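A.B. asks: Residue strings, one per chain:
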Amino acid sequence: DAKTTQPTSMDCAEGRAANLPCNHSTISGNEYVYWYRQIHSQGPQYIIHGLKNNETNEMASLIITEDRKSSTLILPHATLRDTAVYYCIVRSGGGSNYKLTFGKGTLLTVNP
Amino acid sequence: ETGVTQTPRHLVMGMTNKKSLKCEQHLGHNAMYWYKQSAKKPLELMFVYNFKEQTENNSVPSRFSPECPNSSHLFLHLHTLQPEDSALYLCASSLEGGASTETQYFGPGTRLLVL
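For the record, the sequence lines run as chains A and B. Just so you know, our numbering puts 99 at position 87 of the first sequence, and the rest follows in order with no gaps. Just so you know, our numbering puts 1181 at position 75 of the second sequence, and the rest follows in order with no gaps.
Everything labelled a hint here was simulated from the structure, so no lab data went into it. Small disclaimer: the values here were computed from a predicted structure and weren't measured. Please note that the accuracy of each hint is not assured.
[Claimed, not checked] Keeping only pairs whose Cα atoms sit at most 20 Å apart, straight-line, the calculated SDA-like set for lysine to any residue is:
1. A:116 / B:1145
2. A:15 / A:43
3. B:1124 / B:1209
4. A:116 / B:1188
5. B:1125 / B:1186
6. A:116 / B:1193
7. B:1146 / A:43
8. A:116 / B:1214
[Stated by the list, open to error] Listed next, the stretches of chain B that the computed footprint assigns to chain A, with coverage defined by at least 3 CB atoms under 8 Å from CB atoms of chain A:
9. 1145 to 1155
10. 1208 to 1215
Here a beta-carbon is modelled for each residue, glycine too, at the ideal position from N, C-alpha and C.
The task is simple: from the sequences and hints, build the whole structure.
C.D. replies: Here you go:
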């Protein structure tokens, strides 16, 4: 699976949009971009995933560049409860096992 | 609430003890996973079960022994652990363990301290 690069930490004001970047320059054609987050001492929580097109759900939006070498997770109106470590993961499709390889992620701190 | 429960949530054990961690999923999934998360380190995949069969053992020491009696339950049996095994142990499940768009759902984890 392709490696990802994320900033170690970011801050965001409550009520503002949080934009979390991720670089995955070695991504290949069949690899998906997944985002999970982990609130302190809890299990990771699935947020969103995409292949080529931008995606949106009730939690967030995922913007993938046309060359697919980077993406941005957008939390439109960050709240204090969005403070967490956010993981960007690139995963290949198919195969007999489904592997998620977690990196160090980005610690997003939402400030009042 | 993700539909994946883990018990106990916290566990303290000595190096000579034997204990078991339990995971149960109420999602109708067929793949289950054990992960380990040590302090300041990324999550590490330990074991994968697909339809009750172990399909991945990520070079885990034999003092960790998984058991999957059915698709809804997963255990991790612990014996003669070391202090460096202290970590958050996370269970996850997914529908079938192979589809490219499959999502894993995680439990809250068991915080283990080995003295």
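A.B. asks: Next, verify each hint and record whether it holds.
C.D. replies: Here's how the hints hold up against the structure:
1. A:116 / B:1145: Within the cut-off at roughly 11 Å; holds.
2. A:15 / A:43: 11 Å, holds
3. B:1124 / B:1209: With a Cα-Cα distance of about 32 Å, the restraint between residue 1124 of chain B and residue 1209 of chain B is violated, given a limit of 20 Å.
4. A:116 / B:1188: 24 Å, violated
5. B:1125 / B:1186: Status holds; Cα separation ~10 Å.
6. A:116 / B:1193: Holds, at about 16 Å.
7. B:1146 / A:43: Violated - the C-alpha atoms of residue 43 of chain A and residue 1146 of chain B are around 27 Å apart, more than 20 Å.
8. A:116 / B:1214: Holds. Residue 116 of chain A to residue 1214 of chain B sits at ~19 Å (cutoff 20 Å).
9. 1145 to 1155: Coverage by chain A holds for the segment 1145 to 1155 of chain B (4 residues, Cβ < 8 Å).
10. 1208 to 1215: n = 8 at 8 Å, threshold three: holds.
Of the numbered hints listed earlier, those contradicted by the structure are 3, 4 and 7.
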